[in-house]
Amino acid sequence: MTFAVVLAGGIGSRMGNSDTPKQYLMLGKQPIIIHTIEKFFVCPEFEHVIVLTPKAWVAHTENMIKKSLGETDRITVIEGGSTRNETLMNAIKFIEGKYGLDDDTIIVTHDAVRPFVTHRIIEENIEAAKKYGACDTVVPATDTIVESQDGEVISQIPNRATLFQGQTPQSFNAKKLKALYEGLTDEEKDILTDACKIFAMKGEKVYLVEGEVSNMKITYPFDLKVAATMLGGDFDA
Amino acid sequence: MINSIYQLTAPRMIEVTYGEIDLSEGGVLIRPTHLSICRADQRYYQGARSKEVLAKKLPMALIHECLAEVIFDTTGNFKPGDRVICIPNTPTENDDIIAENYLRSSKFRSSGFDGFLQDQVLMQPDRLVKISDDVNPDVAAFTELISVSMHIISRFDKIAHSRRNSVGVWGDGNLGFITATILSKLYPDIKLYVFGMDYDKLSYFTFADETMHVDDIPDDLMLDHCFECVGGAGCEPAINQMIDHINPEGTIALGGVSENNVAINTRMVLEKGLRVFGSSRSGRADFEKTVKFLEDNKVETHYFETLIGETFDVRTISDIHKAFSADSALRLGKTVMHWNK
Chain A
1 MTFAVVLAGG IGSRMGNSDT PKQYLMLGKQ PIIIHTIEKF FVCPEFEHVI VLTPKAWVAH
61 TENMIKKSLG ETDRITVIEG GSTRNETLMN AIKFIEGKYG LDDDTIIVTH DAVRPFVTHR
121 IIEENIEAAK KYGACDTVVP ATDTIVESQD GEVISQIPNR ATLFQGQTPQ SFNAKKLKAL
181 YEGLTDEEKD ILTDACKIFA MKGEKVYLVE GEVSNMKITY PFDLKVAATM LGGDFDA
Chain B
1 MINSIYQLTA PRMIEVTYGE IDLSEGGVLI RPTHLSICRA DQRYYQGARS KEVLAKKLPM
61 ALIHECLAEV IFDTTGNFKP GDRVICIPNT PTENDDIIAE NYLRSSKFRS SGFDGFLQDQ
121 VLMQPDRLVK ISDDVNPDVA AFTELISVSM HIISRFDKIA HSRRNSVGVW GDGNLGFITA
181 TILSKLYPDI KLYVFGMDYD KLSYFTFADE TMHVDDIPDD LMLDHCFECV GGAGCEPAIN
241 QMIDHINPEG TIALGGVSEN NVAINTRMVL EKGLRVFGSS RSGRADFEKT VKFLEDNKVE
301 THYFETLIGE TFDVRTISDI HKAFSADSAL RLGKTVMHWN K
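If you're matching them up, the sequences are chains A and B in order. Position 54, counted from 1, in the first sequence is what my numbering calls 54; the numbers after and before it change by one each time, with no gaps. Position 232, counted from 1, in the second sequence is what my numbering calls 232; the numbers after and before it change by one each time, with no gaps.
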């Protein structure tokens with residue numbers, strides 16, 4: 001079975017003036033998180049959509065979903081964990097409790113603040129995770145990436161042709177992810193904040209799915225302005 | 001839900017824009033899978049419409065010939081994964097007498113509003129017709145064009161008198177090919193002639209009883225009814241030739257689009273008591289008939305397969321440009337985009 005896992009754990013401390021977590025801010029006619037959830041909800045491949053939010057926002061998120069999609073038993077909102085990986089583990093725990101985990105359980109994990117994700121990206125994630133066990137959505141790096149060990153001088157400039165910027169979804173075989181995560185030491189857990197990194201560090205292959213530049217993360221007030229402008233065109237969908 | 005829409009903003013310029021799909025409005029969410037380029041799309045793309053028309057219509061997503069997959073349905077008519085043909089004509093009122101494709105209030109995709117170059121489209125269920133998985137998807141992609149021929153023939157059947165010994169189709173392009181194919185199947189007793197300008201193209205009409213260059217038509221060849229599938233500047237001499245070669249009280253079906261006024265020999269139309277009727281686009285009934293035709297007639301569907309020119313896997317806007325560029329060089333046939341953007 002395949003599950004969508006929408007990660008809305010961030011408290012949005014980077015959104016400047018707003019106290020509202022950024023995923024709950026309005027973009028067009030809907031909150032950002034609803035745009036994102038709907039994109040996954042309509043995909044027939046997903047048995048269930050699990051949304052992970054800060055504890056205080058669980059009921060609020062449930063209300064929002066009910067308002068936009070009506071009563072549905074295909075979405076569950078649960079509390080996220082203290083870190084991104086702990087949040088993922090909460091999702092896996094939920095799946096394990098309700099459906100059981102088997103070798104074919106796939107999770108497609110996505111940032112709630114990336115509402116511009118496309119149908120193709122989601123489909124290719126499902127396909128790649130089923131085939132390879134893990135995949136990451138990326139776009140080729142456009143800026144030159146500079147590495148500095150001490151934050152003062154450049155230690156190296158990697159070849160941009162081999163660099164990609166990570167987006168989401170990131171998709172995994174859930175059983176494999178759980179086993180790898182549980183095998184980490186506490187110290188490793190602190191360092192390996194990205195689930196794809198866990199796979200890569202443990203010598204597992206993580207395949208690349210082509211993202212879209214528009215699949216942007218709404219992190220800063222600037223991003224929200226860009227996103228609102230992107231939606232503001234004259235259109236008829 | 002945010003949707004990506006790929007609009008023509010100026011000739012040869014396609015840009016992505018974003019819109020919202022409101023699922024609470026209800027409907028069937030579809031994902032286009034196979035998109036076929038129509039001459040009308042090509043005219044917009046090339047900027048071969050008047051400045052006023054372009055200013056009025058653009059920006060607009062092109063493509064009205066579309067095979068799609070159902071993603072999500074709030075209406076209970078379809079299930080996810082169903083393959084459907086999308087009907088671009090979108091009526092805004094019901095009329096017991098006037099067909100939906102002739103109501104002036106109807107909107108048409110990639111003409112009056114956005115076509116199918118989109119990530120997903122929310123459609124009303126009556127704008128979708130389910131099609132079997134057995135039909136070649138590249139042919140299914142241009143069902144809309146086939147339904148236009150089906151529409152012309154259905155109207156011909158109602159309008160034309162019953163003596164149908166010989167029928168002529170003028171035009172060796174896509175519309176002529178499809179119209180002649182359907183006629184040959186639905187009316188096997190008719191002696192079917194196809195007239196064109198290009199010997200190579202005429203050689204594809206193997207199912208017709210006779211094919212002829214328009215310069216070689218014998219003076220004494222007379223036909224009961226005629227179909228004009230030429231369009232453009234060529235339709236004027238074609239229609240006049242039909243008037244010369246048609247028997248009294250015959251019917252001429254006009255199907256080719258011309259941007260200019262056409263001068264025809266009305267004296268002879270009057271003298272022979274001809275019926276000349278026009279057809280444009282098609283409606284749900286024509287789509288249903290066409291889908292059944294494709295599902296039931298393997299041989300004819302194979303004929304349509306020969307029309308498939310190049311197919312393009314479209315993952316980028318640049319791939320869309322490649323498809324339109326290749327299509328503009330086609331003498332006969334259809335360009336189909338496999339939509340993976």
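These are computed hints drawn from the structure, not numbers from a lab. Treat the hints with care, since some could be wrong.
Derived DEER-like restraints, expressed as beta-carbon distance ranges [unchecked claim]:
1. B:P137 to A:K29: 31 to 37 Å
2. A:I157 to B:Q46: 29 to 35 Å
3. A:K131 to B:T9: 33 to 39 Å
4. B:T92 to A:I157: 56 to 62 Å
5. B:R331 to A:G203: 28 to 34 Å
6. B:P137 to A:K131: 40 to 46 Å
Glycine included, every Cβ here is placed at the ideal spot set by N, Cα and C.
Going down the list of hints, with the structure as the test:
1. B:P137 to A:K29: 31 to 37 Å: Since the Cβ atoms of B:P137 and A:K29 sit about 34 Å apart, the hinted range of 31 to 37 Å holds.
2. A:I157 to B:Q46: 29 to 35 Å: 45 Å, violated
3. A:K131 to B:T9: 33 to 39 Å: 37 Å, holds
4. B:T92 to A:I157: 56 to 62 Å: 59 Å, holds
5. B:R331 to A:G203: 28 to 34 Å: 56 Å, violated
6. B:P137 to A:K131: 40 to 46 Å: 23 Å, violated
The earlier numbered hints that this structure contradicts are 2, 5 and 6.
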